[in-house]
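Input sequences plus hints: build the corresponding full structure.
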Amino acid sequence: MSRVVVGRIVKPFGVRGEVIVAPTGEDPARFSRGERLYVEPVGDEALEIRVSRVRTGNVTVSFEGIDDRDEAEQLVGIVLHQEEEKLPSLPDGAFYHFQLIGLSVEREDGTVLGEVVRVHELPSSDVLEVRGGDHEWMIPRKDEFVASIDIEARRIVLSARDDLLEAVGQERSGKESRGKIRQRARADARRKALEAREAKREEQRKEEERAEAEREARDLDVDGWNEDLARGRTAPGSGGDESSR
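With UniProt numbering applied, the sequence shown corresponds to residues 1 to 245, in that order.
Source of the hints: derived by calculation from the structure; they are not laboratory data. There's no promise every hint is true.
Unchecked claim - The calculated lysine to any residue pairs, modelled on SDA-like cross-linking and capped at a C-alpha distance of 25 Å, are:
#1 11 with 34
#2 142 with 92
#3 86 with 146
#4 86 with 101
#5 86 with 50
#6 86 with 126
#7 86 with 60
#8 11 with 51
#9 86 with 70
#10 86 with 52
#11 11 with 23
#12 11 with 33
#13 142 with 118
Stated by the list, open to error - Ranges between beta-carbon positions, derived for each pair:
#14 152 with 194: 48 to 58 Å
#15 55 with 88: 18 to 28 Å
#16 120 with 2: 32 to 42 Å
None of the values given here were measured: they were computed from a predicted structure. Beta carbons: idealized from backbone N, C-alpha and C, even for Gly.
Right, dumping it as structure tokens:
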């Protein structure tokens, strides 16, 4: 009987034996009371759910026979499996992550990029991690990138967009580690931030220069008027100078 991964125990919760489970999907029914989740993909060792509470991004679960924090800590890291036939059916176009793992990924012209090795669940969309040879791609599972998914043929066909890899922006050589990619991304972000700050400083400097020029112009006008007064003349428009009186 085939089993699929439904979650992983990440840490204990409280002092009564509860644990936090990171689920692989969004169906809360798999963590219902009385459900049996298997510790291994094969074998009969299983944990029966006593109580569960679905939270944002995780599930708090209490298993039968696990009654204190010490026992709960022994479960941390365990990957939980469920019989595949118990999984609820999905609407057309929706797939469980395990169904996508191992599928061949091709362009429309038949060029094979590689196969799906992991599915990342992000708020905007699932992202397929595809590896082939010395290259890796992170491809959003959106219509603009993915033309079709055929589970029976075990094949994913990408769209014909020429800018696919540039749009995804995460093709890498096998010689370049993910750490280097992250370092480069952080360096680019810092560079852009510095450029933005420098541009802001330059704009402030220009604004200060304009303000200083305006002050100097006003000071020149005042100095000229004071000089006229000293010579016995009034400011323009005041009705003439005093020497004519």
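*Those earlier numbered hints the structure runs against, lowest number first*: Failing hints, ascending: 3, 9 and 16.
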